[in-house]
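**Student:** Here's the letter readout for the chains.
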Amino acid sequence: NAGVMQNPRHLVRRRGQEARLRCSPMKGHSHVYWYRQLPEEGLKFMVYLQKENIIDESGMPKERFSAEFPKEGPSILRIQQVVRGDSAAYFCASSPYGAGSPLHFGNGTRLTVT
Amino acid sequence: TQLLEQSPQFLSIQEGENLTVYCNSSSVFSSLQWYRQEPGEGPVLLVTVVTGGEVKKLKRLTFQFGDARKDSSLHITAAQPGDTGLYLCAGSYNQGGKLIFGQGTELSVKP
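Protein sequence lines correspond, in order, to chains A and B.
All residue numbers for the first sequence refer to this note's numbering, where the first residue is 1 and numbers rise by one.
All residue numbers for the second sequence refer to this note's numbering, where the first residue is 1 and numbers rise by one.
Worth double-checking, as some hints may not be accurate.
Stated by the list, open to error - Computed from the model, here is a short list of chain B residues facing chain A with C-beta under 10 Å: (1) GLY40; (2) LEU61; (3) GLN64; (4) ALA90.
No lab work stands behind these hints, which were simulated from the structure alone.
Since the structure is predicted, the reported quantities are computational estimates derived from the model, not experimental observations.
Ideal placement from N, C-alpha and C gives every residue a C-beta, glycine not left out.
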């Protein structure tokens with residue numbers, strides 16, 4: 001059962017470097033969501049994408065953060081010039097029908113900025 | 001900003017006890033979901049409720065959606081150590097809207 005695949009599981013970056021987080025949705029799912037989670041907190045919505053389109057990016061910082069979901073290949077969350085405050089777990093989820101439908105989550109990428 | 005508030009934030013109980021977790025908002029949900037998350041893993045869907053007053057049961061877990069669709073509760077009967085985890089409610093406020101998560105309830109069930 002190929003679920004949502006995220007890689008890498010752990011990523012360490014120095015301040016100022018770039019972080020690229022990848023997410024392959026479940027087969028047949030064309031809707032992808034990125035969430036960020038800090039310790040002992042819930043998930044904060046960042047961005048919602050459908051193939052080749054950004055549907056809602058209201059939770060994503062305007063600077064340094066970008067996301068894409070190309071026609072072919074995984075969805076990418078890119079963080080440029082990382083700072084210590086970017087350290088968190090980043091979760092990707094996918095769904096077949098989009099907004100409001102149940103989400104299938106990956107196991108996250110834990111980003112540590114040193 | 002649309003907010004989902006969960007209570008309690010932390011809950012530590014003995015095996016065999018019952019517990020209830022609450023999820024509240026000032027806005028009406030079009031649908032609400034409950035997830036459970038274990039350390040190092042992503043959340044896993046437990047249930048979706050869409051109709052005001054709806055009650056769903058999943059073994060020892062009972063989920064209720066408020067009549068006005070602004071609140072929900074999760075009741076666990078005779079909790080077991082395997083129920084330990086972070087319970088998250090998540091709501092969608094309108095068709096086409098993103099899923100907003102509460103801050104979670106960290107449950108610890110001691111044997």
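**Student:** Next step is simple, just say for each hint if it's right about the structure.
**Tutor:** Cross-check of the supplied hints:
1. GLY40: holds (7 Å)
2. LEU61: violated (16 Å)
3. GLN64: violated (18 Å)
4. ALA90: holds (8 Å)
Comparing the model with each numbered hint stated earlier shows that hints 2, 3 do not hold.
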